[in-house]
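Line order of the protein sequences matches chains A and B.
Per full-length UniProt numbering, residue 1 is the first one in the first sequence, and the count goes up by one each step.
Per full-length UniProt numbering, residue 1 is the first one in the second sequence, and the count goes up by one each step.
The hints are simulated quantities; they were obtained by calculation from the structure and are not laboratory data.
Take these hints with a grain of salt, some might be off.
What the hints assert, rightly or not - Chain A stretches covered by chain B per the calculated footprint, using a threshold of three residues with CB under 8 Å from any CB of chain B:
#: 1; region: 206-216
#: 2; region: 454-461
#: 3; region: 495-503
#: 4; region: 519-527
Claimed, not checked - Counterexamples of contact, computed for chain B against chain A with all Cβ distances above 10 Å:
#: 5; residue: Pro-62
#: 6; residue: Asp-384
#: 7; residue: Asp-422
#: 8; residue: Gly-450
#: 9; residue: Ser-455
#: 10; residue: Arg-534
Claimed, not checked - A short, non-exhaustive set of chain A residues, derived as facing chain B with CB atoms under 8 Å:
#: 11; residue: Val-468
#: 12; residue: Asp-470
#: 13; residue: Lys-516
In this text, a Cβ means the ideal position worked out from N, Cα and C, and glycines have one as well.
The chain contents come next:
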Amino acid sequence: MTEYEHYEAVVVGAGPGGAAAAAALAKQGIETLVLERGADAGAKNVSGGLIYAEEWAPYTIDDLFPGFREAAAERPVEEYYIHNIAGENVKTFDLDRIHHRGTEWCDAVLRRRMDSWLAERVHEMTRETGGGLLTDVRVNGLLREGGTIVGVTCDELDPIEADVVIAADGVNSELARDAGLMDWDDPDDWFQGVKAVVDMEPEVIDERFDVRPETGSAHLFSGDLFDGVRGGGFLYTNEDSLSIGTVFHLDSLADERAEPHELLDSLLTHPLLDQWLQGEYEEREYAAKLVPDSKRVAHPSPHRGRLLLVGDAAGQMQAQGPIIKGMNHAVTAGGLAAEAVAEAQTRGNVRAAGALYEQKLEDEGVMKRLRPRRYRATRFVSESRPVNRLGRTLVNSRLGAAGLKLFDGLLERSFNSPFVLGMIPDTKMTYVTIPERVGEVLGDPVDGESRVEPPELDDRIGDLTYDVDDPHIEVLDDSFEASGTAVTACPVSAEGFGGGCYREETVQTNGEAERKVSLDTQPCVECGTCAVVADTHWEHPSGGKGVQFEQG
Amino acid sequence: MVAIDPTEHEISELGPEVNGIDDAAELREMLSLEASGEDRAPVKTLIESRIETLEAGGEDDPESVDLTELTIADIANMVRDIDDGDLLRDILEREREGKERKGAISQIESRIESVEGSDDDGTELEYEPPEKKYPDLDHPTADKQYVEGVSGESYRDMWVYCETQQGRLIDVSKEMLGRARELMDAYNADNAVADDTASYGGDEGGNTEEVVAVLIGDDVAGLAEEAIAYGADRVVYHDDDRLARFRHKPYTELFCHMCRDWSQEWRDYHEPRYNIFPATNNGRDLSALVQGELDSGLASDCSDLYIGAAMISNPAKTGKPGDSVEFERVLHMPRPDFSGFEYSTILCIDKPFRDFHPQGASVIPGTFEVPEPGDREGEVVEHDIDLPEDWFQVEVVDHDQLEDGVDLTGHEVVVAMGRGIDRVDPTEGIELGLELTDQFEDAGFGLSRGVITASYEFGSHVEGYITEERQIGESGQVVEPDLYIAAGISGAVQHKVGMDESDTIVAINTDPEADIRGFSDYFIEGDLFEVLPRFIEALEEGTFERAIAEVSSD
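So here's chain B without its partners, still in its complex pose (with noise of 0.2 Å):
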């Protein structure tokens, strides 16, 4: 049995699914089901190479395979993704005692080499400024006290940017708080407690660090505990009835007056470690300015994140061209490229004589789960400063609040109406559903296509309900509740998708022969202007069943 049947998705989502599946045979059931149903190529190389993948890889452990029995060729692909010194040097001396081919040595005493570093290291890099290297360039950044010179600081701590709308904790800031929360700990944990992420025992000194949660906006400080119970050590909070909606500049400067500028007991560091904020709208904009303004990088839209070693040879960052280096406590920031056909993972490094830090990340809404929230401990700060007149010079004269829009899913009865309504007049029709409407506890009300692209013209007050958001159907929405009643509705294809999971369908229609009555349960052949109306009557009798049987034809 396979978890996924690839003839159900789109080729974008297999990408990452098939690459995450190590069971070889279930990939080939897989490729079977694909090539008897859908049978796109593009689906079946990917799990081919996937199958491909596994094959080639995984029965060779390095420290027991018989090099003897290896080329040089998978010899020098095996060493390729070994970092660890020590093997390395057993291969060799494995290789020396075997066959001794001078292509193999070479190819591991190069490897040992890029990992370890060369022995000839007599020359220190020297710092040279960038003005001093390129004098004929504009050097924007030579006045910024923060761009260069940094390195050797210290940085501590995960920063979760907690975003709120209408004075509540968005998910995706209970998501992110609740990943950052599972990260850290498995960070400050001396073994390993998490498959992906690496544990550190804290910091470089052996001290815990936390997760701080960032709150800012009008009347936020009620929201700390709540940040505390999905996964925050600390919180920091500003309250300023200015601040009471996303504005670019003041919101700024404050997450960087926090995490930087902001001298206290518990912040005796330079800059986070790392920074997290929503891919939301605000979220988008808040990360960015944020990030330029510490002089980092931004991994934007990230669908996943860990902690780990990256081994890098990139000589601009290691400084030593040929080496390899390994950077430990690397945020890893993968990302969806080309709509999710691809995924970069995105590492924030630093390089000699600048840092990188922090390292920062915006995640997609929906990314992690919302974790239980727990019952847990935490200090909550105020960020109390006064802020300067400039910061609000863009002043918000005026906003609008979207209406939610009318969900007609998660009813328990829903009552549609359709053209049929002409047959007396379209007001009166309208005015007779709502009715039916009213009579259940729970009951949406909808409409066909035919009914909203029509050109009747409906008394004041019904007109209101006469829009897009109640059409059922293809380019409408798509509703199961328990009980449908389709008055007036002919039930062509395109509104049928939006209804058909219906448990039970009770249509009216004068046309015996419309299609509705083939996947109806219930069929009454009958105007709605007189079927209606005795269904009204008996719900207030509260007999609807009984009503039903009287007036059904099926």
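So that you can see chain A by itself, here it is in the shape it has in the complex (with noise of 0.2 Å):
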């Protein structure tokens, strides 16, 4: 018998889905042991920033934590724009009714602040268990005995024995990978976003965004000013800042070998953005992080004997289109997973909480909306190439611009829609030609001029804080062929510059000359685009270690 410190629940991970697990089971006076690699809960994570209170969803974040939105959010969303960009020419349309269509409120938020403030509440609650919340220590597999998982084991302390292990670490889960429940094979399973958190005081927020104090607007951005990558643009409101980022699927991003900070500063620098930035730019922070494609990999059963992954560890993240939304997921996710040990436990077998909580999340319209049905019913045809040439030509057609302008008022309903929203198919043509061509021929020109200089990248980098420890990532085939894309995907590396992650070089072997990469972690913003995108063997740093974002 192994004499390892045992607790009825570990949660691994202190970010929204874990917090809101470890409080459910604090409150079933379930021992509770929540783990946190960062040196502080939210040092770790970033997000594009808005979290949503559903109406349908049976836990909310304020819910679970009273008072979250007064200590721990930013700004509530009280506008919401799309802005269809075509060139010069701008066509923007108000999605309030998608927005606050089941919803609750919409809160920005940073998420070191929103997460440390999580993490404190959860430490006194999981604490009156006889658990507690610990930082600095990296979960970094599954303990198991005899093929059965029954704990965790870390990098700083021994293993840990539990009845049952909620895994909620994030998009690059190494328990969801070690228990084979998720992978890094395909980029098209991905999105990668980058953001910026830029300085603005209050006073100039409520006045260039013309809202309120304490009150806040988003605004999304789609159409040609990606290169022609797949994806979009958002910006919101906090307190004292913007997030501005941008968003696009990883496959397309890598193919296009495009490089993620500079189509961040695609956006920046566009004339549209100048009514708000006014060529004062000050950027605080630069981040990354990979989103899962919830319509793609949202696992149906997120569940191994004593394992239940939440949010993003499960692909719980919801993008189809405008609509992006997976704080509120993983929120709920941790809940339910906390309500089926509490009734797993009452029946006096824990093992049955992964085929609980997997009920729940199909009983309570979790699943239904991370992977609807139309979209799976649609995507052969509308993502399939003769279908997409077809409607391109049509789109970029005078017939084509005419049924838009017929269509204007529509159009803009179509976007409001959830049922059209959730055919929306993956392609270049809904990210890049549809918004380009309502840009073009229904947009107005923007007038305006941009002047402002985003920082380069070596500075963002500079600008980052690190604890450097020894590499966490390990290039398995640094042959160009193999993980040259990571040259360009990676959000910290690109083509000719020296000081990234990622640098292609140049090698003479026996008179031959070979195209390598060679990889130095020590920039590294821990995003897991390699993984998909090079031959790697990725792992998190240890507890403490790595990068610390200290807006997220």
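Using the supplied hints, reconstruct the complex from the two chains, each of which is provided in its own coordinate frame.
In structure tokens:
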């Protein structure tokens, strides 16, 4: 018999999913230990920045953490727009209806502030049960006994046994991969987001966005400002800063050999943004993360033995056109996982927790939002090549232009329909062609000229805080063919830039010039992109090591 | 002006510093610096509580204070810190003449009783061996002759274990000798000569006590004079070629034999009074083993040492419940706890029927200054006994000397190469850098992180130079030479922090926009493969400054 420390539940990761699970477990009196690898909860966490409370959801963040909105969130979003961009022409649609549909509230958040606030509450709550929250601890795998999962292993502590393990360890969940539930194989399954948090005085935000103090707005951007890479941009107002970012399909980013930081810059420097930035640009933080495409990878059965996956770790991130929702699903899933654990415990069979959790995700309507059937039904047609070519030709034709004009109002309505959005195919046509054409045909030229100069990549890296440890990523095949995509796709690397993670090098071997890539993990922001696009052995750094986001 | 700006220190460093400051005004200034700077709540609390302590204490001199102005609680607090029976009786008298409060009088009387012992001292403690007292327990030390019944033995001298490495005294050995010298000089003096250490005029009989240095090793006799110069009165050494490396068994046996079992005219006591060891890897091992064998205690990793009296009320030590007893000649051994947030002072005190001597400590290297060696006289004694074979059952079959590593600091010139070396051929780039380094009398050769983490395949003759220990920058070394030559380095902030304190920075880069231009004194726009050969040539002719002037674009 081993003599490891034992808890009724171990929650890995103190983001919104882990915090919700731990809080709900603690409310049931279940002895819960939360392990967080950041030096502070939130130090490792990045998101675009909107958290929703949905009317249908059985758990919302302010149910579980009263006072959340006042203490941990930025501004509530009261206005929601999408801008379709074609060169200097822009057509703006008001997405108010889709935004408010079924939504109780929606707040902008910065993750360092939010997650560290949550973690304090979680620690108080879980301590009552005989557990607590520990930071600086990286869980590096599952503890097994005779092939059965019985707990977790850590870099910093002895193995810990648990009746159940709730893995809320994020998009690059090492536990989900250890259990064989998720992989990093296909770039099609992922989005990559990069974000800049930009300084702006509260009064200036009120004035330039025409919002009342304590309220804010959200703007989405699509069209031709991203060199044909599939994806879009966003801008959210925080209390005294802006979150401006871009999100792209990773396969498209990889194929086009696009540089994520340059795509972000092309948004930042678009004249449309001049009305808000007005030539002033002070970047607080540059950050990046992978985002799972729930339509493809939300795991229908996110559990194995005593392991339950929650949030990004289970691919529970809904991104359908302008609907981008992740944290709310993680909170709901965390609450449901805790419920399942409590019920299973009451039944005297904790092993049943996983199956109960799966059932609850289905019954409570989480799965149907994450993996809409309409998408599955239509994607084979709409994502096929000939259909797209036909569509593109049509949209670009004069006839198409007339149609667009005719259907101006209808178009805005269809952007506001969850039914249509659920069908949106992930093709260039939806992300680029239609918005571009909308902007071109319907849009008016923006007056304004960009006067901002975003920082260079080396300065962005230089401004981040790191506690550098031994390399946590190993390149298994350093040939350019196998791993060269990382040079461009990695948000802190770029072609011809020697200070990034991945660098292309030409090596003379036996008189033959060979293209290789080398890796320096010092500037790594732990997004996981290279785990997908390059041939690597990818792990997180040890507890407290690596990058530390101050904003997140 | 404040001696310490709190905003420049970590909180863990500030604890002891702040508590050493006695000037409230200075503390207030520090408080406002902190408030306008880092504004860390725990730091402010620390400073505030020190101010409070200073202002609460100090103003009432118990000899003259007007008792009528104090509450009973004030008096109780005041007398708790007084160990002088006469002073207490004086206070008692004043209270009786003044307000004559019952509560105050009983507080003072009870303090007098606890300081001086109760009057009804009729019952003598009687020794009952633990085997008899607790017959049901195991008594593994029952047959150890030194554990019990050593009360009343004699203890003298301060013994210092002097560790050596590579045939030399290591610094901490000198530091300990210096401190031992100060402590025993004060101890042997009739009147106080040091603030922190009591004077006794020698031992209980008035004879001076010594600092005894212990040297164990192979060919250490030659270090005896040096040990004396640093403070020892007497050096006991044991040489044996089998002792060249530290080995637990023989070193422990030897030390114990020297200080306890070895009958010598000068060593006519039972055991040393004090034993001091270095808190090094070997010193920690040895200190624990020796103090265990001598059946005493050990305060490990101490950060100070001083000798003085201590009032003890613990009945396990005093044998008289309720009374305080003053113990003299106690070695005070402060040590950091909780990573330096707190300090504990460890005392090793005899109890009835059981002595705890030698009072032992290991000392963190660097705690005390290395003293100036003096022109001193001392005795050197060889400890020459036959060492039994069974002390050497553990055999050292192999050992390795870790290399010192590359130290790039302290050079006049540092030549550093960056990823610009791949413009032609990385190996050639390194060769050029090394050649340039050789042109200076005192130059170090460094690299940017980008070179070390690259996939370049270097020729075998330069490969040995491509190591992390040559890295300059945030995760490498920080250098500030007179001249720093950065070739093919763009100057990212991670590199900058490792070199921008250099007096003169010369940068060579093909990119006129490279960041390094912003903090270079001379920027040469060009390929290092063209510029470095010109440098080398110029240096061979001895005209480096002119060469820079010619090619510099800034």
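Is the claim that B/Ser-455 lies outside the interface with chain A correct, judged by CB distances over 10 Å? Non-interface label on B/Ser-455 violated, nearest chain A Cβ at 4 Å vs cutoff 10 Å.
Item to check | Minimum beta-carbon distance criterion (8 Å), A/Val-468 to chain B | outcome: 5 Å, holds
Check: For B/Gly-450, which was marked as not at the interface, is the minimum beta-carbon distance to chain A over 10 Å?
Finding: Given a closest Cβ separation of 5 Å, the condition is violated.
Minimum Cβ-Cβ distance from B/Asp-422 to chain A exceeds 10 Å: Answer for B/Asp-422: violated, closest chain A Cβ roughly 6 Å.
Handout entry: Outcome, coverage hint (the region 519-527 of chain A, chain B; C-beta under 8 Å; three residues)
Key = holds (count 3)
Minimum C-beta separation from B/Pro-62 to chain A exceeding 10 Å: can you confirm that? 46 Å, holds
TODO: Establish whether the coverage given for the region 206-216 of chain A by chain B is satisfied; the threshold is a Cβ-Cβ distance below 8 Å, and no fewer than three residues must meet it.
DONE: Contact hint for the region 206-216 of chain A vs chain B: violated, 0 residues under 8 Å.
Take the region 495-503 of chain A, compare each residue's beta carbon with every beta carbon of chain B, and decide whether three or more fall closer than 8 Å. holds (count 3)
> Regarding the hint that A/Lys-516 lies at the interface with chain B, is the smallest CB-CB distance below 8 Å?
Replying inline: 5 Å, holds
**Study point:** Nearest-CB test (10 Å) between chain A and B/Arg-534
**Key:** For B/Arg-534, whose nearest Cβ neighbour in chain A is about 24 Å away, the distance exceeds 10 Å, so it holds.
Looking at B/Asp-384 again, its CB stays over 10 Å from all of chain A? 50 Å, holds
Notebook entry, point to check: Has the region 454-461 of chain A got at least three residues whose CB is nearer than 8 Å to a CB belonging to chain B?
Noted result: It holds: at least three residues are needed, and the region 454-461 of chain A offers 3 whose Cβ sits within less than 8 Å of chain B.
Violated hints for the displayed structure, listed by number in ascending order: 1, 7, 8, 9, 12.
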